[in-house]
Structures are given as C-alpha cells and as structure tokens.
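K.L.:
Single-letter residue listing:
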Amino acid sequence: MTPDVALIVPLPVLLPLLGATVTVVGSRSPALQRVVGIVTLTSVAVLAGVLLVVADRRGPVVAQLGGWAPPVGIALVADRLSALLLLVSTLVTLAVLVYAIDQRIADYGRGTASTTFHPMYLMLSAGVSLAYLTGDLFTLFVAFELMLTASYVLITRRTSASKIRAGMTYVTVSLLSSLLFLTAIALVYAATGTVNLADLAGRIALLPAGLETVLGLMLLVVFGIKAAMVPLHLWLPDSYPNAPGPVAALFAGLLTKVGFYAMLRTQTLLFHRDEPWNLLLVLAVATMLVGALGALAQNDLNRLLSFLLVSHIGFMLFGLAVFNAAGVSGAALYAAHHITVLATLFLISGLITRRTGTVALDQMGGLLRTAPALAVLYAIAALTLAGVPPTAGFVAKLALLQSGVAVGPWPTIVAGVVVVASLLTLYALARVWVRVFWGEAVAPLLDDDPDDEVVVGTANTPAAMYAATGGLVAVSLAIAVFAGPLSAVTGRAGVDLLEREPYLVAVLGAQS
Amino acid sequence: MITVNATMALTIAVLFATGFYLLLQRSLMRVLIGVVVLGHGTNLLLQLAGGPPAAPPILGTVPAEAIGDPLPQALALTAVVITFALTTFLLALGYRAFVLVGHDEVQDDIEDRRIGTQSLPTASLADPDDEVDEAADDDVESQAGR
Chain F
30 MTPDVALIVP
40 LPVLLPLLGA
50 TVTVVGSRSP
60 ALQRVVGIVT
70 LTSVAVLAGV
80 LLVVADRRGP
90 VVAQLGGWAP
100 PVGIALVADR
110 LSALLLLVST
120 LVTLAVLVYA
130 IDQRIADYGR
140 GTASTTFHPM
150 YLMLSAGVSL
160 AYLTGDLFTL
170 FVAFELMLTA
180 SYVLITRRTS
190 ASKIRAGMTY
200 VTVSLLSSLL
210 FLTAIALVYA
220 ATGTVNLADL
230 AGRIALLPAG
240 LETVLGLMLL
250 VVFGIKAAMV
260 PLHLWLPDSY
270 PNAPGPVAAL
280 FAGLLTKVGF
290 YAMLRTQTLL
300 FHRDEPWNLL
310 LVLAVATMLV
320 GALGALAQND
330 LNRLLSFLLV
340 SHIGFMLFGL
350 AVFNAAGVSG
360 AALYAAHHIT
370 VLATLFLISG
380 LITRRTGTVA
390 LDQMGGLLRT
400 APALAVLYAI
410 AALTLAGVPP
420 TAGFVAKLAL
430 LQSGVAVGPW
440 PTIVAGVVVV
450 ASLLTLYALA
460 RVWVRVFWGE
470 AVAPLLDDDP
480 DDEVVVGTAN
490 TPAAMYAATG
500 GLVAVSLAIA
510 VFAGPLSAVT
520 GRAGVDLLER
530 EPYLVAVLGA
540 QS
Chain R
2 MITVNATMAL
12 TIAVLFATGF
22 YLLLQRSLMR
32 VLIGVVVLGH
42 GTNLLLQLAG
52 GPPAAPPILG
62 TVPAEAIGDP
72 LPQALALTAV
82 VITFALTTFL
92 LALGYRAFVL
102 VGHDEVQDDI
112 EDRRIGTQSL
122 PTASLADPDD
132 EVDEAADDDV
142 ESQAGR
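Protein chains in written order, with the working numbering: chain F, 30 to 541; chain R, 2 to 147.
Source of the hints: derived by calculation from the structure; they are not laboratory data.
Each hint should be verified, as a subset may be incorrect.
Covered by chain F, according to a simulated footprint, are these stretches of chain R (three or more residues, beta-carbon under 8 Å) [stated by the list, open to error]: (1) 24-32; (2) 46-60; (3) 65-79; (4) 85-91; (5) 94-105.
Beta carbons: idealized from backbone N, C-alpha and C, even for Gly.
Isolated chain F (complex conformation) (with noise of 0.2 Å):
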C-alpha cells in the first residue's frame, strides 16, 4: 500500500494560504514574495496533476477534515471533474503570475514590495482550489467568499475613478450573490438538515417535487451570478476590463469557470433529472447570443473579450442542460479549454495595449509588422477561442456538439446555435485581427498615467510576458493534442458525475 493520498488533498488549499502569510510577513522583500508565489502555485499544480491521475485509476479520493467521518465532518473531495479543472486553473494561475511579476504590477513598477498583490493572488488561488474539492455546500459559500474577498482587493488595488466605478459595481453584484447563496444554504438546511454535498444528493430526492425545483432554482440562480449567466451578467463586461491585464486574465479564466463548476456539481449531485432542462437550454441560448452580438459592437478590446466570455459560459451552460453523460463530459472539458484561452487572450490583449498604450480598437494598427511574436500568439489563441480545426475549442465543441444532436430536437435546435454562436465569436476575433494586426501601423499613444501601475505605450516588453502568454498558448495546443486521452477523462468524469455513485460511495462510504 502506498502512503495515503488523501493526505494530499488539502495541500492545493494549505500551500497557497501558507503562501499567502509568508508574503505578508516578508512583505519587505519582493525577490521573496515572487519566488514563494511561483513555488507555491507550481507545487500545487504537481499536486493537482497527481491527484488526477489517482482519482482517474482509483476513482475519488477523499480526505476528512479533522478525521470526523461524513455526514458529520467536513469532507474534501478530488475526483475526475475537480482534479482536472484544479490542474487547468493552477497551471493558468501560474503563467499569470509570471506574467504579472515582469510587467511589475506588483510593485507599480517602482521595485519596491507589496503587502497586498501576493498575499491576495496566493489567498484567490486558495479559495478556488477550495471551491473545486470541497465536498460541503458551506465550506463551498466559505471558498466562494475566500476567492471573492481576493478579488474584490485585487480588482481596486491602486484605485482610480474608473476602476472605483467598475470595483462598486463588481463588489455590489458578488454580494448579492454571495447573500443570496447563504439564503439558499439556510433554507437546504432547513428543509434536509445537513449541508454535506453527499449526504444532501440522498435527502433531497425525498423532498417534494415543489421544493427540491425552489432549491434547484435558488442555486441556480446564485452560481448563475458567479458565471455570469445571461440574464445575470451585466455586472462582468462592466468590471473586468478596468482590471489590470493581468488580473483581468486571471479573473476571466478561473472566477466564472469555478461557477459553473460549482453549478455543474450540484445541479448533478444534488438535482438529478433523466431528460434535458429545457429552462437551462433557453438561458443558454440567450447566453451565447447576447454574449456573441455583445462582442460584435465592442469597441474596447477587453469588453469585446468579457462579451466573448460571456458567449462561451453558454456552450457550457448548452452541456449541461443536456443532462446527459456525453453533455456534462463536453462541458467539463470545454471548460478546462476556456480556462485556458480566455486567460491567455486577456494576457495578449495585455500585450497589445502596453504596445500601442490604448484598448481601442480604432486607435490601433499595423502591429503584424511591428510585433508579429503578438500576432502569431493572437491568431492561434482567437483560432482555439472560436473552435477552427484542429484546435482544442474545436474537439470541445465537437464533444458538446455530438451530445446535443443525439439526444432530441430542442437540443439538436440549441446545437445549431452553438455554431452560429461560434461563428459570431470567428467574426468579431477576425475583426480584431483587421483592426489590429493589419492596416497602417499607428504610432501608440502615451501612457496617460505614468504612475500607474500598468506602463503602456512601449515596444519594450520583456521576455517572460511573452513566454507566460505562449506558455498558456502551448498548454492551449497541449489540449488539442492529448485530446484523445484528455476527452476520455472527461467522458469518465461525466458518466461518474450523472451515475453519482463512485462520489457518494467515496464519501458516505459503502453503506449508501
């Protein structure tokens, strides 16, 4: 026997909080602070690396908080689904952090340390590495709040008028949410007596119909805040793009993507239902057409990718409603896909503005001549993004595709918008690319607020920002490659998801 793997599952948790204190103390010294935040977040990501392949071979693997036995003690669960997406997310967290540490936003350029970036990058990681293992409704309210909190920080850092403006907004909205879900907790308890996400799939199935729909709905529409669902989604276009590059990139890859997670686990665990949720299809419809006709009018290059990342939570929200194993496989593993290339968009959208000092895109232009590293990093990013063959968007939406076609004529129907939706997003990315990377080169603009943290208007960009970009990029082409054995995963996870029992027998033990 070898040691105990469920020794290892709260590490992706721990690390980064212990992390996050050193930086705080050593808050004197930046050299320190980058290289605990880059150990901390590669050792996770080894972590989350080897718990996808234990729970892949061995199914899931559970560690009980303070040794107290489910339902009673807090449970932390790694399985196909959470394993995979932990490891996507870190590897994201990572090559952002990279990023973040050579365009010296931590520091505002000046060399000098400080006691708030680290600390709460390292604190966001935490909490989202909680969000995917936790096996309890509040520990996830808990996680939820420990990400929020992060961001909430990390997003008004340095504030200016503008970022106040979008900070109020954001901060507003995650509230609410984080209020309504805490609603929603008081009442599952109320009705089942427990908050254990196992032992809740069991008792709520003995609740009547009217009910178990209300709690369903509830949490519905909580995580459907948190990903920034259609019509719940007004706050994210407005917010993130007055985020720094960096932390924009980070928020657009992971802080929705944990959202959906959390809708996808509980709506699967706790709400099961045999045929498609006509109700999630239409929002899912209406998802990937606002998002993708939202994205056309843009203008500023960060709202037209926050409008493209609202259009794409809809193909997940399209897997889900499937309710099928296929469709929940297809949304997992577009998921770890988008995780990936919306980071690595921002982070290229972040490399464009430091070049040309704007994000407008009728102030732009020429950039394949002056930096054609950028335009090639861009093409094969905005190709994924829109699913053009071979890329790793392609087999996504190719798995999501297949699910919806074979199960009735609604999702077949919602299936063809899922095509359109694409070729919306092509178009408004190739719109980019003309505005962008073609035409007469236009000299940038000056940085129009020197003390700012983020420097823009300059052809002086290092090195690491573009190997963390094309390090996302390549983990991007990774997807595609390995996608055999990728998507094979994901088909387990899926077919673990909807059959509920390796998850339940893992936690309740076998006497469920």
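Given the structure of chain F, go ahead and fit chain R onto it with the hints provided.
P.N.:
The following block gives chain R in isolation, referenced to the frame of chain F:
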C-alpha cells in the same frame, strides 16, 4: 419538519425587503446599509433553520433530545464574520470613492453608454444640438481610450 415562528418569519421578510430596496439605490452608503440589513436577514434565516430554541449543546448537562442544533449557529457565526469583513471593505471603498470622485454614487458605464448611442448620429443628423452631442461623444471617447 420545522414549524416556523411567525414573528421570526415576518422579521426576516421585512429585513429582506428593506435590504433589496436599499441595494437598488445609487448611493454606495445605502447599498452598504442594504448589504448589512440583508446580511442580518440571512443570518436570522440560518438561525431559524436550526429549529426552535433549546438547551445548549453540552453533553451531560441536559438530556440529549433537549439539546439544540449547534450547526446553524456555527454557520451563522462564520457568515457574520464574513459579512462584517466585507462591510468594512465596502465602507473603505465608499470612502475612497468619496475622496476620488467627490460623491459615492455608482455611475454609469461610460463605454456602455457610448456604444448605446452609437447608432444615433445618423438619426440625429438634422438635429440642431448635434454639435453638443459630438462634443460629449469626443469627451467620452477620450476617456474610453485609456
């Protein structure tokens, strides 16, 4: 199944209604108070989920069936701490807004407004106050170009 105390239910309903009303206001101070009130409502709801008042959960002092459910209190305590921390943060944010902008009202998204009015110039070509519109538009554009 828990029977709900009508007074508690009414109190929670009023707190939720007041909280949501205040959340819809423009001033961040009112939003803040709304969040606080809503937080109270939620915490009371958590308490209510634990059932009617009962003996403290200490083994050996009272028979086991007289003991109240301690879990909702633990949950509410965690939630109180979190709400408290976020209230403080929101307060600081409101103050910062007051220092930077001069008031704490949540403003419209400039870029969103600009895009919303984008189709108007063709329609308002004959409009005499078009000049004013364009000037405003330029102003907005220069801000959006940051």
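K.L.:
Counting residues of the segment 85-91 of chain R that have a beta-carbon nearer than 8 Å to any beta-carbon of chain F, does the count reach 3?
P.N.:
holds (count 4)
K.L.:
Is the coverage entry for the segment 65-79 of chain R by chain F consistent with the three-residue Cβ rule at 8 Å?
P.N.:
holds (count 5)
K.L.:
Quick check: the segment 46-60 of chain R, covered by chain F? Criterion 3+ residues, Cβ under 8 Å.
P.N.:
holds (count 5)
K.L.:
Closer than 8 Å, Cβ to Cβ, for at least three residues: run that test on the segment 94-105 of chain R against chain F and report holds or violated.
P.N.:
As far as the segment 94-105 of chain R goes, the hint holds, because 5 residues have Cβ atoms under 8 Å from chain F.
K.L.:
Count the residues of the segment 24-32 of chain R with a beta-carbon closer than 8 Å to any beta-carbon of chain F: does the count reach three?
P.N.:
holds (count 3)
In summary, this structure violates none of the numbered hints.
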